[in-house]
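Q: Numbering (this note's numbering), first residue to last: 1 to 762.
It is possible that part of the hints are untrue.
What the hints assert, rightly or not - Cut-off 27 Å, straight-line C-alpha distance, at most; resulting in silico cross-link-like pairs (DSS-like, lysine-lysine):
#1 K344 - K375
#2 K582 - K602
#3 K504 - K452
#4 K452 - K192
No lab work stands behind these hints, which were simulated from the structure alone.
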Amino acid sequence: METQEAVAGALMGSHEGKPAAKTDKKASQKEQPLCKNRMEQIFGFTTKDLQSWQSFVTLLNRPMDPASLGIFRFLFGMLMAIDITQERGLSHLDWKYLDGAPVCRFPLFNFLQPLPLDWMYFVYLVMFFGAVGIMLGCFYRLSCIMFLSTYWYIFFLDKTAWNNHSYLYGLIGFQLTLMDGNRYWSLDGLRKPHIRNAHVPLWNYTVLRTQIFIVYFIAGIKKLDADWVEGYSMSYLAHHWLFDPFKLILPVELVSLLVVHGGGLILDLTAGYLLFFDVTRPYAFFFVSYFHCMNSQLFSIGMFPYTMLATSPLFCYTDWPRRLFTHFPDFLKPVLPFSSLDIKSSASCVYDEVQSSTEGQGTAPVKKSFKLRHKLGAIFTIAYIMEQLFMPYSHFITQGYNNWTNGLYGYSWDMMVHARTHQHVKITYKDGKTGEIGYLNPGVFTQSRRWKDHGDMLKQYATCLNQLLPRYNITDPEIYFDIWVSINDRFQQRIFDPRVDIVKADWSPFRQNPWLMPLLVDLSPWRTKFQEIEGTLDNQTEIVFIADFPGLHLENFVSEDLGNTSIQILQGQVNIEIVEEKKNYTLKKGEQTQVPAGAYHKVYTISDGPSCYMYIYVNTTEAALQKNFTKLLEIQERVRNGTETEPLSPELQPLLAVDEGSEVNATDPVVRLFLKRQRRMKEVKKRREAGILERFDRFVTKKYYTIRRGFLMTAIAMRNLAVGLPPVEQLTREVAYANMRGPQNEGHQDEALKDEVGHSEL
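Use the sequences and the hints to build the structure in full.
A: What follows is the structure in structure tokens.
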């Protein structure tokens with residue numbers, strides 16, 4: 001029967017009837033068709049199945065084993081239940097929505113607003129019960145609707161949380177709602193014996209398999225972008241420890257180009273095809289599983305790698321769970337899924353009906369009768385697949401979203417194609433009545449950072465600021481944004497016109513954004529030159545590459561820590577104004593000048609075309625600090641080795657307190673910072689060198705307290721809805737109990753150490 005079912009990995013699936021029970025070899029051979037053409041062997045159907053609407057409907061409603069679909073339903077529901085407490089935000093819902101605080105939000109439709117906080121907890125609780133119901137197959141349709149309605153509400157409520165895999169979860173939830181996912185290993189099967197272990201139509205598998213194929217293949221098509229092929233999109237990934245084995249035989253540059261970018265491109269383009277066919281499926285399983293396990297370590301993307309791992313078995317023969325569970329001990333059979341081969345017929349499928357011939361010899365086929373549900377299943381399959389193939393390329397319709405990317409990023413499967421860094425963000429307001437000009441802290445009134453890259457969010461943010469600033473005696477404010485972005489290692493350049501008042505600016509999803517500045521793609525070849533220039537710098541010198549448009553200027557403040565900062569012109573002509581000194585310098589290509597620290601300066605582009613220049617700077621404060629650290633480390637080593645002949649001064653005595661449990665108590669600020677830094681580095685090293693059991697314990701502890709907080713806060717909210725708010729003192733104690741944490745997991749030590757040095761802006 002293996003050959004007959006070979007299409008389970010193909011796009012349309014195979015003609016899978018009831019699997020044969022164990023019989024002798026001759027009997028098995030008699031049951032198999034005498035011959036099959038090559039197409040039927042590979043794909044499980046022939047051209048005859050596609051020659052008429054009737055035969056096509058028959059094909060898509062062909063009876064299939066429900067086992068694989070039932071196991072996927074269970075895994076998807078379980079992963080979504082876990083995801084709700086984490087990436088969906090249940091554990092930090094009060095921080096996410098800041099009930100009653102003046103907050104700027106970014107919904108898909110402006111009329112969408114979050115409910116009061118306690119009701120938002122109720123929404124999440126409904127979504128959680130829906131996910132658990134999907135997992136258990138309990139009141140399946142109702143559970144799917146509960147999960148789906150609340151999930152899409154939350155998804156549309158906040159565009160800043162959009163990504164491709166969140167979109168995928170919603171799509172799979174929608175598909176499962178229309179499928180017979182509760183026919184295998186479900187509580188509904190106990191309540192309704194007639195659906196227990198019953199066939200499901202082929203289109204259930206077709207839609208799911210095609211969806212996963214699209215995710216892989218379209219992601220590969222998107223990676224045919226020149227930036228990805230040339231290795232600029234994710235160049236930083238090659239430095240991750242996961243790629244250390246490749247660095248033993250290849251330099252980092254080739255690891256980035258060949259392994260990260262080349263490997264990612266080939267895997268996405270081929271994974272869907274390799275999963276479809278029997279011969280290549282084992283290799284696909286290995287590479288796909290390895291890929292997703294790496295992603296789980298490279299990125300903070302929640303349950304996505306595990307969800308994609310759960311989709312891979314969908315491409316296997318649909319009876320694989322039965323064959324797997326037959327190998328388990330008998331005493332586990334009551335709690336395991338069915339391994340029985342007795343599959344019931346289902347009204348959802350179309351069967352080959354036969355009747356006795358008039359001569360009484362054998363049987364003859366009769367014309368199949370279709371119900372409306374069979375035709376609707378076929379129509380849905382075609383319509384859904386066509387829509388999913390169209391959506392990633394629908395950006396000619398949603399032109400207002402095309403901000404250096406291909407439109408609605410969350411619908412496009414262009415995963416990790418664009419890497420952005422921001423060097424300079426300035427928000428200027430102007431009082432419409434008095435003309436007073438002031439500046440706002442970037443990100444004020446919002447917790448998100450994505451608004452800096454998307455014109456639709458920038459418009460929403462400006463409108464929100466326009467409504468909030470009058471509370472602070474700013475009348476009818478105008479809002480201007482000066483945002484500098486580098487995409488895929490290009491020059492830092494403006495993404496939006498800083499001269500446009502975004503409050504009054506026109507924006508439409510169906511028209512090109514008129515205040516979007518063009519990406520200076522003509523300057524892309526400079527990226528190879530950047531690498532050459534950076535290769536000539538020492539460890540203390542840093543560099544930032546800037547490109548600007550004619551007629552515009554950059555106003556910048558150099559931190560006092562950057563005591564050695566200069567500007568060198570790479571292309572075009574600029575005029576540099578030192579504001580406090582009231583001096584101006586005109587520079588051409590190849591010329592350079594120093595700019596003072598602790599002061600403002602302006603760089604005007606006066607050439608006919610874009611100007612290109614670079615800031616070269618040294619963090620003199622950090623350099624001096626590192627020099628002092630080196631001296632302190634030498635003294636500490638001499639003391640430990642017994643080679644220090646002179647007694648330490650009182651300021652240096654704390655260097656002797658090297659025990660991990662001792663307090664850092666030093667009067668000298670440099671010594672105190674040195675000891676704290678040294679202790680953090682020890683903690684980080686200890687954490688990285690921890691054994692598997694210790695790492696697992698730390699992981700479980702962290703997840704426990706995260707999930708614990710989510711459910712305790714949900715319980716508090718449900719109590720508030722049921723009986724009203726308690727006294728403030730009681731509520732404070734309850735929230736404090738929910739916030740209780742376990743042993744310090746040191747999860748942010750790497751970031752704390754990183755934040756101690758370096759600057760995100762000049």
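Q: All hints, please: hold or fail.
A: Hint by hint, here is what the structure shows:
1. K344 - K375: Between K344 and K375 the Cα gap is close to 22 Å, so the pair holds against 27 Å.
2. K582 - K602: holds (11 Å)
3. K504 - K452: holds (18 Å)
4. K452 - K192: violated (53 Å)
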